[in-house]
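Trainee: Here is what each chain is made of, one letter per residue.
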Amino acid sequence: MSVGSYTGDSSGTVPKNPNSEKFWRSTVSEQAAQTDSSKEGLESFVYDDKIVRMFSWATIIWAIVAFLVGVIIAIQLAFPEAGFGIEYLSFGRLRPLHTNAAIFAFAGNGVFAAVYYSTQRLCKCRMFSDLLSRLHFWGWQLIIVSAALTLPLGITQGKEYAELEWPIDLAIAVVWLVFFGGNFLGTLIKRRERHIYVALWFYIATIVTVTMLHVFNNIWVPAGLVHLIKTGEFAGPAFLMKSYPVYAGVQDALMQWWYGHNAVAFFLTTPFLGLMYYFMPKAAERPVFSYKLSIIHFWSLVFLYIWAGPHHLHYTALPEWASTVGMVFSIMLWMPSWGGMINGLLTLRGAWDRVARDPVLKFFVVGVTFYGMSTFEGPLLSIKVVNSLSHYTDWTIAHVHSGVLGWNGFMTFGMLYWMMPRLFQNKLWSTKLATAHFWLGTIGMVLYILSIYTAGITQGLMWRAWDETGRLAYPDFIETVTVLIPMYWIRVVGGLLYMSGAVLALYNFIMTWKGRPAKYEETVHYAAPLSANYDGDPKAESRLTANAGFGHKGDKFLQGDWHRGWERRPVRFTFYVLIAVVIGGLVEAIPMFMISSNIPSIASVQPYTPLELAGRDIYISEGCYNCHSQMIRPFYWETKRYGDYSKPGEFVYDHPFQWGSRRIGPDLHREGGRKSHLWHYEHFKNPADTSPNSIMPRYPWLLEKEINFPAIEGRVNANAMLGVPYGDLVLEGAAEEHAQFQAATIAAELEEQGGPPMDETMNKQVIALIAYLQRLGTDLYKDAPLAESVSEEEASE
Amino acid sequence: MKLTDIMSNMNLDIYPIVALILFLVAFVLIVWGVLRTPKAFNDHQAHLPLEDDFGMSNEATQDNKGVSHG
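Residue numbers (the numbering used here), protein chains in the order written: chain A, 1 to 797; chain B, 798 to 867.
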């Protein structure tokens, strides 16, 4: 063991001039140094670096998994046969695995490594509980493994970045809030450094807000469990995990994108800013450029980010005012985001010469630059007229990847290259290899992003192009797909390069680890506990001479010492952050959920039949929303291509909504009745047969797997619990009987159209999916059903 | 009468504007408080990451293979 830093805290005998450097220094190191010789009154402690090593290993391993799955699905877009007709490898199932692995496994473990390393040092104490640290680590890895198993099996909620089903949701809540949040807050409370550094504020905002987002976006009815309890009938493991969100349609969309946008904000931005404010000064060996700017950066993000979610839903069935609020707040985010970026880059003042030879600084410089670029682009994309072009195109995909690969990825790799030698107590095995990683990653990103920007803008322009006669210039959607294939191949190359860099990093870390000492040296640190009789920072004195009580109070307030008070009270600070994010969220959510006029009802819109509901669940399970939208925007070129624009009242029974966020394939909202059953059947069998050059994968298993009829009653009952008016269909056996009858009808029609004999298809999943697709968007043109109170005679009159 | 009916009859058009003004006021106060913070305090805070550990220097963590440390 070696002896490390000695720090101590004021016990009230410090100079009282707040403008004196000695006052602030005497609260920590300098005063502690005075007691160095005796260590009297100091407490000893050792940092828990083992947990940091564990999270660091998990970070790099999951990074490679996430990138590998990303490369696989990128290849599938350029070469659809790469799915081999295997259901577990289909694009719709693997894409959520890629996004979840990149966000929650790679970036998540990176965040945890950063938090566990920096929090202990900034608080001058070991984590609150080693047990909670281990429970957090293993619990989180278990969640990731659960995701890796369930998503390819098609077990999903069908909401982007919130796909994991309810048992995993519960596990996330416990691991995140109890194990991680509890451990973190406990560490703050037992800290030995009076003031809380700004990096810790960002961690607090992350924990508080992600908890709130996760809980509110995952309020559901566990259909399978309810069915099991109610009837005692077990309808299969997949159905046991099935849930329906309590929100439907427009409300579900608002809630989902409030979650989705803020997951980016508070999972991929704020914790990485905490990481930046801690590790960049460490790597540059100089303090952050402007501490004041970092505080303004923090509060601006907390105030503004939470409002911006609706910009994901411009020109949809979301009310105009909600999307305008989302756009305005997104634009306001420009300033704090760029303030933070500039603060990060200027932290390197006087150290720029080291960037050329230090791979850590290389990663950080490019990472922060990508933060600036993606936070410039985000507000740009939120502007409605820009969004009308970019939405549903690959432009959004390029934007997301510049953020995750450039900002999150490079900040994480920079941090790992800085930490690993310290954690393994050995020099980095190869700086050359780290530099090679940097260049592979950078070139890979540039290839990826530029090609996909090109693809996105090409798509957007082709979709909206029409000729002088008012006809679409590219009426066949396939035309707008095949033109992108070269760009998709360039993306594959870019992704491979980026992944290769991560593989080099893993090799470098393994070799560095191999050279570790036989036993890690554990430095013993000493610091004084926080003094119980600390009398606070010097109080502001009124500078007014007139005898005006209110004026004195106002003058003291304006001197701003109240904010410094917040900074040493973690519970109060957490509470204020919570208030800021809760109010921002409620401002948008309450009117949406409460004002009935926001979602005008349409009398002809009726619940899905039991078979259509089962088909819809297959649509969700296969991840069709990853390629197809169900939202026709009120633009000429969209209504011309797809039909009448989508109305809010058409989605009132959609638990969950399936508007999607991109169109690798065409919109499906008015798909009902456009094509024959046989066309759909052949299309699922082999899309290229009905749509030459289609990049949609084959779905042969839908033609073989049987409909889970016993589960249909549970599906209908769960929706009925959520207010869907199913009437007598909730009676025992009624839903299943209805579904079987409709399935037989569709199978017979399919046979009439030249398809296989009906007894071969009537119980197959493809029939349920056809039932759902043939229903989509058709209610708008039907007659409204007669009210129950109106008798047949009255109706006939 | 349902809660949604009550809410529908309340004129909430001004609701986001009121919230925006409240947040703007809170934001201005925080910025003001930050700008009034003594320089010495900020300097101390900014140095916290640099004084928390006796670790390896950045130069010492890298190998010397083909790298000039100037």
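Calculated from the structure, these hints are not laboratory results. Predicted model, so just to flag it, every value in this text is computed and none were measured. It is possible that part of the hints are untrue.
Heads up, incomplete: computed chain B residues facing chain A, CB under 8 angstroms, no partners named [unchecked claim]:
no. : residue
1   : Ile811
2   : Val822
3   : Thr834
4   : Pro846
Estimated spans, in silico, between C-beta atoms of each pair [claimed, not checked]:
no. : chain 1 : residue 1 : chain 2 : residue 2 : range
5   : A       : Thr369    : B       : Leu832    : 26 to 34 angstroms
6   : B       : Leu832    : A       : Val385    : 35 to 43 angstroms
7   : B       : Leu821    : A       : Gly733    : 28 to 36 angstroms
8   : A       : Tyr520    : B       : Leu832    : 41 to 49 angstroms
9   : A       : Lys50     : B       : Leu832    : 21 to 29 angstroms
10  : B       : Leu821    : A       : Gly350    : 54 to 62 angstroms
11  : A       : Thr369    : B       : Leu821    : 42 to 50 angstroms
12  : A       : Lys514    : B       : Leu821    : 50 to 58 angstroms
13  : A       : Gly551    : B       : Leu821    : 19 to 27 angstroms
14  : A       : Lys230    : B       : Leu821    : 48 to 56 angstroms
15  : B       : Leu821    : A       : Thr469    : 22 to 30 angstroms
16  : B       : Leu832    : A       : Gly350    : 23 to 31 angstroms
17  : A       : Pro475    : B       : Leu832    : 56 to 64 angstroms
Glycine residues also receive a C-beta, built at the ideal position from the N, C-alpha and C atoms.
Trainee: None of the hints should be skipped; say for each whether it holds.
Mentor: Okay, the hints, checked on the actual structure:
no.: 1; hint: Ile811; result: violated (11 angstroms)
no.: 2; hint: Val822; result: violated (11 angstroms)
no.: 3; hint: Thr834; result: holds (6 angstroms)
no.: 4; hint: Pro846; result: holds (5 angstroms)
no.: 5; hint: A/Thr369 <-> B/Leu832: 26 to 34 angstroms; result: holds (28 angstroms)
no.: 6; hint: B/Leu832 <-> A/Val385: 35 to 43 angstroms; result: holds (36 angstroms)
no.: 7; hint: B/Leu821 <-> A/Gly733: 28 to 36 angstroms; result: violated (59 angstroms)
no.: 8; hint: A/Tyr520 <-> B/Leu832: 41 to 49 angstroms; result: holds (45 angstroms)
no.: 9; hint: A/Lys50 <-> B/Leu832: 21 to 29 angstroms; result: violated (42 angstroms)
no.: 10; hint: B/Leu821 <-> A/Gly350: 54 to 62 angstroms; result: violated (37 angstroms)
no.: 11; hint: A/Thr369 <-> B/Leu821: 42 to 50 angstroms; result: violated (30 angstroms)
no.: 12; hint: A/Lys514 <-> B/Leu821: 50 to 58 angstroms; result: holds (56 angstroms)
no.: 13; hint: A/Gly551 <-> B/Leu821: 19 to 27 angstroms; result: holds (24 angstroms)
no.: 14; hint: A/Lys230 <-> B/Leu821: 48 to 56 angstroms; result: holds (51 angstroms)
no.: 15; hint: B/Leu821 <-> A/Thr469: 22 to 30 angstroms; result: violated (51 angstroms)
no.: 16; hint: B/Leu832 <-> A/Gly350: 23 to 31 angstroms; result: holds (25 angstroms)
no.: 17; hint: A/Pro475 <-> B/Leu832: 56 to 64 angstroms; result: holds (59 angstroms)
Of the hints listed earlier, those the structure fails to meet are numbers 1, 2, 7, 9, 10, 11, 15, in rising order.
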